[in-house]
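Per the working numbering: the sequence shown ends with 699, consecutive numbering throughout.
For the record, the hints were derived by calculation from the structure and aren't laboratory data.
Just so you know, these numbers come straight off a predicted model, no measurement behind them.
Don't take every hint at face value.
[To be verified] Taking CB as the label site, the calculated pair distances span:
1. R407 <-> A328: 36 to 46 Å
2. F320 <-> S671: 19 to 29 Å
3. K234 <-> I558: 37 to 47 Å
Built from N, CA and C at the ideal position, the CB exists for glycine as well.
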Amino acid sequence: MKRSELVFSAITVPLDYLAIVLAAVAAYFLRYLPAIQQIRPVVFNLPFRDFLPITGTVAVGWVAVFALTGLYAMGGTKKFTTELTKIFIACSAALALILAVMVFSRYLFDSRFIILATWGLTILFVSTERLIIRLFQRLAFKAGVGVHRVVIIGNGPVAQSLIDEFSTRPMLGYRVVVRHDAFDQPTAAALAEMVASDTFDEVIQVNPNLPASQTAELVNFVNEHHLTFKYTADLLGTHLTNLEVATIAGTPVVEVKKTRLDGWGRIYKRAFDLVASLVVVILTLPVMLIIALGIKFDSKGPIFFTYRRIGQFGKPFTYFKFRSMIKDAHRYRFDQQFLAAHQNLRAGSPMIKFKDDPRITRAGRFLRRWSLDELPEFFLVLIGKMSIVGPRPHEVEEVQRYQRHHRKLLTIKPGVTGSAQVSGRSDLDFEQEAQLDTSYIENWSLGLDLQIILKTPPAIIRRRTAA
Numbered sequence: 233m234k235r236s237e238l239v240f241s242a243i244t245v246p247l248d249y250l251a252i253v254l255a256a257v258a259a260y261f262l263r264y265l266p267a268i269q270q271i272r273p274v275v276f277n278l279p280f281r282d283f284l285p286i287t288g289t290v291a292v293g294w295v296a297v298f299a300l301t302g303l304y305a306m307g308g309t310k311k312f313t314t315e316l317t318k319i320f321i322a323c324s325a326a327l328a329l330i331l332a333v334m335v336f337s338r339y340l341f342d343s344r345f346i347i348l349a350t351w352g353l354t355i356l357f358v359s360t361e362r363l364i365i366r367l368f369q370r371l372a373f374k375a376g377v378g379v380h381r382v383v384i385i386g387n388g389p390v391a392q393s394l395i396d397e398f399s400t401r402p403m404l405g406y407r408v409v410v411r412h413d414a415f416d417q418p419t420a421a422a423l424a425e426m427v428a429s430d431t432f433d434e435v436i437q438v439n440p441n442l443p444a445s446q447t448a449e450l451v452n453f454v455n456e457h458h459l460t461f462k463y464t465a466d467l468l469g470t471h472l473t474n475l476e477v478a479t480i481a482g483t484p485v486v487e488v489k490k491t492r493l494d495g496w497g498r499i500y501k502r503a504f505d506l507v508a509s510l511v512v513v514i515l516t517l518p519v520m521l522i523i524a525l526g527i528k529f530d531s532k533g534p535i536f537f538t539y540r541r542i543g544q545f546g547k548p549f550t551y552f553k554f555r556s557m558i559k560d561a562h563r564y565r566f567d568q569q570f571l572a573a574h575q576n577l578r579a580g581s582p583m584i585k586f587k588d589d590p591r592i593t594r595a596g597r598f599l600r601r602w603s604l605d606e607l608p609e610f611f612l613v614l615i616g617k618m619s620i621v622g623p624r625p626h627e628v629e630e631v632q633r634y635q636r637h638h639r640k641l642l643t644i645k646p647g648v649t650g651s652a653q654v655s656g657r658s659d660l661d662f663e664q665e666a667q668l669d670t671s672y673i674e675n676w677s678l679g680l681d682l683q684i685i686l687k688t689p690p691a692i693i694r695r696r697t698a699a
């Protein structure tokens, strides 16, 4: 899912809330207009300062009804008339809910006019706001921002229909880069070159006769290169998880989501990361200052260990944590004498881990035992390079040795903690760790994040006891 789509979807919630509040405020002052009072004089006494808090509370419930009726659903291209219908239904449901609460709580609101006017004005204001958002999104598409750059695999009337629709209706936000009849070796090679030059970011398969072997290769290709993949129904059967059905230019398609962290899940996780990491940084800042002094007095070298790690979608970033090894410890990984003298516990995998690693300093052993060396990672969470929960951030050399199925680990941001770290086992090989992280990616939920976070302190204590 495009970042621009996430932004437009995310801002819809506060803008809807504002539109509902403004509708209620407008209804309140409308009631006091002389023309309205001539029809029916004002007989209630509700000061505006008392009315506003009620409005704010009711608006929260109104937005919740919007969410339940699917007004914040992501994916697909919905007609504005369809959205208007949903707004009308949602506002009517919210009105019915308000009336039901008033009846069962025996709360008597003094003005039926304000209630009905709020309902009507909310429909008007929210519809106008949604129309303005659509117009801004279309302007963004015209400027090339957030456009889906598509490769179509397949031929026939469905493929041609999509190409025609995308070219004649640019407001859909799709642009066809190239079309191929099948996904054979020459096509795979050509698309790999295009991926390297960032020419496209989405593949739509519309060929119902594509051989199963080519379909499997295509799925592996899009996963390896972190591309969005959609297909017309009944091409892949039902063995895939995280499927989402949408309609694009009148054609039903199925999007294969690599993780539930597409769409609102991504927004929820980022919001949680921001709040939680900020709290941790504030609470542990004095501890981090003490650790920094301890590292400086214990051994020569910088306070922080910095290195290039691979983040989401295979993009490198500068990773840092408290230094727990001697200066220039990394070069020993390529020293054949050192490698011969010390056992690599991760032999045969992309990762390297030495038994009784002599490069670790005295302070470093203490920091690692309690995972205190990783506290600076919360700054990386704050700036959006990492997440609190996710796969381990791997080094460039490690990722270069990935097998194809390992690249799914790069679908999401690396984490401070994760499924592998809290698994209860300290002898996991890389393949087992990758399986745990892949399962997390495919089955993500906020509840799962909380479970992993709650399991992290006991896992650290177990590791310390075992040491």
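Here is how each hint holds up against the structure:
| no. | hint | in the structure |
| --- | --- | --- |
| 1 | R407 <-> A328: 36 to 46 Å | holds (43 Å) |
| 2 | F320 <-> S671: 19 to 29 Å | violated (42 Å) |
| 3 | K234 <-> I558: 37 to 47 Å | holds (45 Å) |
Hint 2 alone, counting from the list given before, is not met by this structure.
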